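Line by line, the protein sequences give chains A and B.
Going by this note's numbering, the first sequence wraps up at 936, each residue one higher than the last.
Going by this note's numbering, the second sequence wraps up at 936, each residue one higher than the last.
Where hints are given, some of them may not hold.
No copy is singled out in the list; a pair is fine if it fits within one copy or between any two copies.
No more than 20 angstroms apart at the CA atoms, straight line, and that leaves these computed lysine to aspartate or glutamate pairs for DMTMM-like [claimed, not checked]:
no., residue 1, residue 2
1, K780, E749
2, K802, E844
3, K780, D681
4, K934, D895
5, K933, D745
6, K934, E844
7, K747, E932
8, K933, D845
9, K848, E865
10, K802, D779
11, K802, D766
12, K934, D924
13, K747, D924
14, K934, D766
15, K807, D895
Worth flagging that the hints you see were computed from the coordinates, not collected in a lab.
These figures come from a predicted structure and were not determined experimentally.
Number of protein chains: 2
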Amino acid sequence: MFAPPAATAQQASRSGPLVIQEQGSFAVGGTVSSTPGTYDNNTPTAAGQSLHGDHLYAFYQVPQNPRPLPIVMLHGAYQSARSWETTPDGREGFQTIFLRRNFSTYLVDQPRRGRAGNSTVATTIEPAPYDQLFFDQFRIGTWPNHFDGVQFDRKPETLNQFFRSVTPNTGPYDAGVISDAISALFDKIGPGILFTHSQAGGPGWLTAIKNQNVKAIVSFEPGSGFVFPAGELPPAMPSAAGPLAPEPVAPEDFRKLTRIPILIYYGDNIPTEPTARRGEDNWRVRLAMARLWVDAVNRHGGDARLVHLPAIGIRGNTHFIFSDLNNAAIADLVSTFLREKKLD
Amino acid sequence: MFAPPAATAQQASRSGPLVIQEQGSFAVGGTVSSTPGTYDNNTPTAAGQSLHGDHLYAFYQVPQNPRPLPIVMLHGAYQSARSWETTPDGREGFQTIFLRRNFSTYLVDQPRRGRAGNSTVATTIEPAPYDQLFFDQFRIGTWPNHFDGVQFDRKPETLNQFFRSVTPNTGPYDAGVISDAISALFDKIGPGILFTHSQAGGPGWLTAIKNQNVKAIVSFEPGSGFVFPAGELPPAMPSAAGPLAPEPVAPEDFRKLTRIPILIYYGDNIPTEPTARRGEDNWRVRLAMARLWVDAVNRHGGDARLVHLPAIGIRGNTHFIFSDLNNAAIADLVSTFLREKKLD
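Excised from the complex, chain A in its bound form (with noise of 0.2 angstroms):
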């Protein structure tokens, strides 16, 4: 049988092999919690036992050729990185996009989520029922309906996969918690590109704030955590879904911010005016605030762009930019910019 030769595998089109240099996880950054007392072997109780906690969890791929900076994707509220691997409907997500575009991928589960499961602090886990919630919050549609022309396949079985990727918190959520963790991963792999996603967007400014080797950020509908310098905060937004406030930091940090490239994007079906329609409203004033929030990096000195698609052309798009079914477009995107910014 004929062998191509490696470096065709390499410029693969979608569906051509990967070629990977290097695969693995770790973990890194958390805490150690310790019990007073003296352990006992033979009988083991809490006494002098310590507990290792509040790290995050990263599997990394490297390409072969790696481009110089890898990226680091942080997943939302009720997410793990699987919101970056095979899409709802089965194709390839910005995990494998972008390891075919040769950057080194680490996909990272949070402190308290997924496989960084172990929390220093107690929570209780419910069974919350949420599908339906999540589908009108994550803008597939109005439950039971889609939204016309929105790009998420209508197959039962892409839907279930969307709320199968749903795992809870197994700690409190704690944005300094996650940010410090983070910063910890930067400190370990060296400067790199961070993608957020919905909750990540408030621990991917502090992380930005805490450690250099972020060179840039792109954040897929930020959700909450918007930071402003103290004294210049704008007042809370309500919204059917409850008052969105921003929170303050100290000038010096926020100028921070201001030292890399950021994108924001939104999707499509998010309104202007306020409307009952809870889902909706809810990104109503996350965009609005977000526009706020860009203006304000952007009159310290920075350089933020948040691109909203449906002002571009680019419709349907759900809170799950990433994995709609437009995500190579996106994706080229992305790429655009960070050959913009000399960061590719």
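Got chain A; can you put chain B on it based on the hints?
Below, chain B without anything else, positioned relative to chain A:
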């Protein structure tokens, strides 16, 4: 630059590139629970909503020219698929070792663990300090001392990584739920080989009873769920870690375990006589029960073998045989078994 042919990469030495035809992840199995009532899109409560839970999560990789049977790897208690990835000291684990040997691999997070965290039953997660207990129970040594000659690297970072691979249950452990999901995985992927570790031993046997697509099992230190034909149960075995009781199954179900080759490994530092040292005594009874179990399978016409590694001159293995310092040699043993049984 000279590009080596892909065939070279594929017959790879341990440091050569991996050529991967396809990779990705999915959920399979599980159930949907529903709350009575009518869902209100604008003011959502639990009413009328559903929850997808109790599925497993799998990450798969298909090498070029894969062997006919993929390998499914199922972790033990307090672990996730991370068990099979990079070893605590940073070398390749069974995921990548068997990929290099041209097996497709499916790494599973079982229902209610890791990225398959959505449980249909509530639980409370306490930050239980178990590091020292795990050090003893997983037979790295007697805390704080390593066993002489243990196949576990002594750098502090190795132990740090080992402890941080621990992740809690996000719902009650249920061997029936787990084996249902693994069986659904084998329905999806077709015939394959199942590797199990520790607590996964029991769900492994149950899966082989439920699904004829399980063509062989390699079990590393099965720790519980030893199923015997009703009426042929040996007595429970007391130990310093509590009693180990066999579990009854219908004789016709037990006989299904005689259709496939089964290989079981146990490592070193397992005493033959009762001892007060809990971590070691725990495995004394498990090894003894496994011997009775293998005898029962073979008495009914099966093909089960137990290899106590020290008996063949392989010393120092912990409870994590497949990630110990000699894991490449252990993989060679497994490869020889698969070849003998014409499973490769």
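Outcome of the hint check:
no.	hint	result
1	K780 with E749	between (39 angstroms within a copy, 13 angstroms between copies)
2	K802 with E844	within (12 angstroms within a copy, 62 angstroms between copies)
3	K780 with D681	between (34 angstroms within a copy, 16 angstroms between copies)
4	K934 with D895	within (14 angstroms within a copy, 60 angstroms between copies)
5	K933 with D745	neither (33 angstroms within a copy, 43 angstroms between copies)
6	K934 with E844	neither (26 angstroms within a copy, 66 angstroms between copies)
7	K747 with E932	neither (37 angstroms within a copy, 43 angstroms between copies)
8	K933 with D845	neither (23 angstroms within a copy, 63 angstroms between copies)
9	K848 with E865	neither (33 angstroms within a copy, 63 angstroms between copies)
10	K802 with D779	within (10 angstroms within a copy, 47 angstroms between copies)
11	K802 with D766	within (15 angstroms within a copy, 42 angstroms between copies)
12	K934 with D924	within (15 angstroms within a copy, 46 angstroms between copies)
13	K747 with D924	neither (26 angstroms within a copy, 43 angstroms between copies)
14	K934 with D766	neither (33 angstroms within a copy, 51 angstroms between copies)
15	K807 with D895	within (12 angstroms within a copy, 57 angstroms between copies)
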